[in-house]
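Enquirer: What follows is the residue order along each chain.
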Amino acid sequence: MPGAVVRLAQGCPAGTVTSVMPRPRPLTLPGRAALGEAWAMTATTAQSAPGTSAGSGRAEASASAPVVAFEKVNKSYGSMRAVADLDLTLHQGETVALLGPNGAGKSSTLDLLLGLRTPDSGLVRIFGTTPRQAIEGGRVGAMLQSGGLMEEVTVQELVRLACDLHPLAHPVRQVLEEAGITDIADRKVNKLSGGQEQRVRFALATAGASDLIVLDEPTTGMDVSSRQTFWAAMRAQARQGRTILFATHYLEEADEIADRVIVLHRGRVLADGTSAEIKAMAGARRISFELDEPADEAGLRALPHLTGIEISGRTVRMRSSDADATVHALYGLGVYPRGIEVAGLGLEQAFLTITDAATAEEAGR
Amino acid sequence: MITLIKLEITRALRNKKFMFFTVIYPSALFLVIAGTSDTTSLVPHTHLTMPLYYMVAMASFGSLTAVLMGNSERIAKERESGWVRQLRLTALPGRGYVVAKIASAAVATLPAIVVVFVVAAAVKDVRLDAAWQWLALTGAIWAGSLVFAALGVAIGYLASGDAVRPLTMIIYFGLSILGGLWSPTTSYPQWLQNISDYLPTHAYAALGQAIELGGAPHTKDIALLVGYLVLFAGAAAWLYRKDTRKA
Chain S
1 MPGAVVRLAQ GCPAGTVTSV MPRPRPLTLP GRAALGEAWA MTATTAQSAP
51 GTSAGSGRAE ASASAPVVAF EKVNKSYGSM RAVADLDLTL HQGETVALLG
101 PNGAGKSSTL DLLLGLRTPD SGLVRIFGTT PRQAIEGGRV GAMLQSGGLM
151 EEVTVQELVR LACDLHPLAH PVRQVLEEAG ITDIADRKVN KLSGGQEQRV
201 RFALATAGAS DLIVLDEPTT GMDVSSRQTF WAAMRAQARQ GRTILFATHY
251 LEEADEIADR VIVLHRGRVL ADGTSAEIKA MAGARRISFE LDEPADEAGL
301 RALPHLTGIE ISGRTVRMRS SDADATVHAL YGLGVYPRGI EVAGLGLEQA
351 FLTITDAATA EEAGR
Chain U
1 MITLIKLEIT RALRNKKFMF FTVIYPSALF LVIAGTSDTT SLVPHTHLTM
51 PLYYMVAMAS FGSLTAVLMG NSERIAKERE SGWVRQLRLT ALPGRGYVVA
101 KIASAAVATL PAIVVVFVVA AAVKDVRLDA AWQWLALTGA IWAGSLVFAA
151 LGVAIGYLAS GDAVRPLTMI IYFGLSILGG LWSPTTSYPQ WLQNISDYLP
201 THAYAALGQA IELGGAPHTK DIALLVGYLV LFAGAAAWLY RKDTRKA
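Chains as they are written, first to last, in my numbering: chain S, 1 to 365; chain U, 1 to 247.
Because the hints were derived from the structure by calculation, they are not lab data. Please note that the accuracy of each hint is not assured.
Claimed, not checked - DSS-like, lysine-lysine: derived pairs with alpha carbons at most 30 Å apart:
1) U:K220 - U:K6
2) U:K6 - U:K77
3) S:K191 - U:K77
4) U:K242 - U:K77
5) S:K191 - U:K220
6) U:K77 - U:K17
7) U:K77 - U:K16
8) U:K6 - S:K191
9) S:K72 - U:K242
10) S:K188 - U:K16
11) U:K6 - S:K72
12) S:K191 - U:K17
13) U:K16 - S:K72
14) U:K220 - S:K188
15) U:K16 - U:K6
16) U:K6 - U:K17
None of the values given here were measured: they were computed from a predicted structure.
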């Protein structure tokens, strides 16, 4: 689409560009107001573009509907609002992590996406069709967190069943190999360890040439080394141009493999960007030190770029979106901080900061 | 779909406990109850000898076991484990799961019927007047088991977890005993016989008994079974849809 590129080059306002947007796309931050002034700097209000990202290798898809589209989707269970006005668009070739603590609405979102539940209002579309149509066409492969397996059969028999049921099936041997379960193919399904079970579920999700693969907490119950192997299998699927959506509360996992992270909180999208952007959002660095005499609280709290502070006696821990400036100002207070440490925050901390801020804001209303 | 049915059958045949209760148990029970009785005296108020009466009763009981136990407990368990959800993420049509369950139970039913017949003929010298009666008996008992297969599916979608076994057991033993599969209903008090006359198991056994006497099954029994089939299948379909919405 050269026309769109030209328009970009001519400097069209970002809001009007709807056809092509290279990855990583601008960070969208629906919950920005909740998160304080400190990181308004990093957020932009640009909407994610419905075009496809480069490198998917599936040119024909670029003109068609997005892989996944949620439009103003709501779902409540009794008085509990599991999904609230959710808007979400996934594009061809993305590997997307759906991140959030338990109860954030991840599983509900995936259930709605896969047509296991119907929304109270709003529209869920996969490749422009209903979830059921997409599944029947073999365009979606999925594994559920709660997805039980048939018992009393062997791994191979179960995978063969999945292949037979898939309209665009791969050979059984290939599926076993890609999921790394060739060695346990003759084992009975009910005699597997938790990690092995997860890999069998992954095999069921990748039994055919689905364009979209949905994985709900795929590495639950795995140890560190099998998790690494599993991630390699996921990356291999992504390299084949598949769109992958996985829910996780392992933040390391989102950081490792996703090129886009969507943070869910109370059924809403709290943040949507690359994991680097998510980390930048929440105050990138942690500063800690000790003081010789009881701290001058007011002075410390007034330091620039702070996103959080915790003072216990003479020990001070703070978070800053610009650690250099904060430390500089700290010396300006005329105190002598001892054992000063400045460390980057992992995604986990970033994520806690975001959700805490959102919860605090809701409570304050 | 074919693979699912095949796999369900393989599983059923591999499950030794299930096969024991469906295939061996009814024949064993037949030997225990009818084994000591003489082969000529009639069951009171009927024209059947003890071995004839119990052969049909136990063949019916065996198929009842296969389809009721096989379906209800497995469906409830697999609903709970999430296997049913996982299957809904495949291109398998929604009804495919239930159809495969009923088909595999039906396959386990056939040996249960045949083994009872063979044991009865070999040990108690049971003979029928014509060869067609054996075939008709097998066909009638096999076809009649569909009614209870539908009931099993309904229970599987109604109950869950710890509740499914006791519920199945109550219905299973209740229907077996009250319907006269274990002992002739003619020995029951009149009020109980009145109830028994309208139970599906009673009508089910009556199909076979009519054939043993050389006649066609009574219209009333057939109508009763068809009525129960509609009722159970309707309940199963309704519960299935309710469960699907709930996911």
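Enquirer: Under the constraints set out in the numbered hints, which ones does this structure not fulfil?
Expert: 1, 5, 11, 13 and 14
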